[in-house]
Amino acid sequence: MHMHKLEKIWLIFGISALVVFLTVIGVSAFYLGNKPPSCLTTIDPEKVDQQKPFDKPGLNKVEGKAWDYELVFVASAFSYNPGKVEVPLGAKVKVIATTKDVIHGFNVAGTNINMMLEPGYVSEYTTTFDKAGEYLIVCNEYCGAGHHLMSSMIEVVK
Amino acid sequence: MAKAELKTKQKTVIEDKSSLKGTLASVFFVGAFIIVTWVGVYYLFLERF
Numbered sequence: 493m494h495m496h497k498l499e500k501i502w503l504i505f506g507i508s509a510l511v512v513f514l515t516v517i518g519v520s521a522f523y524l525g526n527k528p529p530s531c532l533t534t535i536d537p538e539k540v541d542q543q544k545p546f547d548k549p550g551l552n553k554v555e556g557k558a559w560d561y562e563l564v565f566v567a568s569a570f571s572y573n574p575g576k577v578e579v580p581l582g583a584k585v586k587v588i589a590t591t592k593d594v595i596h597g598f599n600v601a602g603t604n605i606n607m608m609l610e611p612g613y614v615s616e617y618t619t620t621f622d623k624a625g626e627y628l629i630v631c632n633e634y635c636g637a638g639h640h641l642m643s644s645m646i647e648v649v650k
Numbered sequence: 082m083a084k085a086e087l088k089t090k091q092k093t094v095i096e097d098k099s100s101l102k103g104t105l106a107s108v109f110f111v112g113a114f115i116i117v118t119w120v121g122v123y124y125l126f127l128e129r130f
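Just so you know, the protein sequences line up as chains A and B, in that order. The first sequence begins at 493 in the working numbering and counts up one residue at a time. The second sequence begins at 82 in the working numbering and counts up one residue at a time.
For reference, chain B alone in the conformation it holds in the complex (with noise of 0.2 Å):
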């Protein structure tokens, strides 16, 4: 007789290989851009009267 798969004691590993780092360096890298601009907008406010 066939062996009932579920019946099975081989473990599944599911293994979670999605890497986030290269979102986390475009997220700091658009929001380092958007710092940088406010900044120097906001310079160039206070410097002129």
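In isolation and in its complexed conformation, chain A is listed as follows (with noise of 0.2 Å):
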């Protein structure tokens, strides 16, 4: 098949930089261990605040894991239990959060934590904290009338 050398060339750059998009994909992936927040953990969501760690959400000090602290969260409509909980600067976090009625949001604006929170399933993100600051948590999935309303606050202080 004849094809232009200028084609050859533009066909080359084209496949490289999609080679090198999916490599970087899959590095994170596999390598890093990034994954979707959702990990498939399940949850009785008529008897979230009686199961662990959901009975007693804000921030929890964890001894043994890859983590220093679990930031347990619960939301309902329309607020999220905590309302508001400092972290102190530079620990490594594992946020775990449900809900106990319809689909909400988990959105920590300006940051990567950002999830879906389903009924019946538990959502994860863990995270170093290297940025001290108020960060303003918003719910981003419309689930009724005081969907505007539904807010919380983590501080990151030394």
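Mixed in with the good hints there might be a few duds.
Stated by the list, open to error - Now the in silico label distances, taken between C-beta atoms and shown as ranges:
1) M493/A <-> R129/B: 42 to 48 Å
2) M493/A <-> G103/B: 47 to 53 Å
3) K544/A <-> R129/B: 27 to 33 Å
Note that these hints are calculated values from the structure, not bench results. We treat Cβ as the ideally placed atom computed from N, Cα and C, and that holds for glycine.
Using the hints, put the two standalone chains together into the complex.
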């Protein structure tokens, strides 16, 4: 098949760009372990308050795990529990959240913590809070009449 | 008798005048845009916690 020289150049360029992009995504997923926040852990949505770790919402120190703290949030129409939480700067935290009623969002504005909370499922995201400041948590899944009032706050303090 | 045209010795030269330089430039322009936006978004993902 005859192919123009310039045609070969842009085909090589396009294919190598694709290979680079997919390799970066692959390394991110399989080597660095990045995954979607819903890890398919299930929970009975009617008994959230009685089950660990959701019986103690807020920041809990843990020992012997790859992270220092577990930050537990329970969402329900139209609020988060806790409504405000302080996290020490530099702490490695596993954010664990679920909902008691309908689908809610869990977006810590300006960060990569952005999860969908589905009734019956537990969503998790592990990260290191390495920048001090106030971070607003908002619901970004329309959940009902009070959707726009649903918020919480994480304060990363020294 | 008229000469049959097929027997002329004159060669018909077909020149390929179609240039693909403009197409190459356009492809690289779009490619550069895609790479810059992709790298920008990935940098944002790495920079934030």
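Exercise for the section: Could you tell me which of the hints above the structure violates, numbers in ascending order? Expected result: Hint 2 alone not satisfied by this model.
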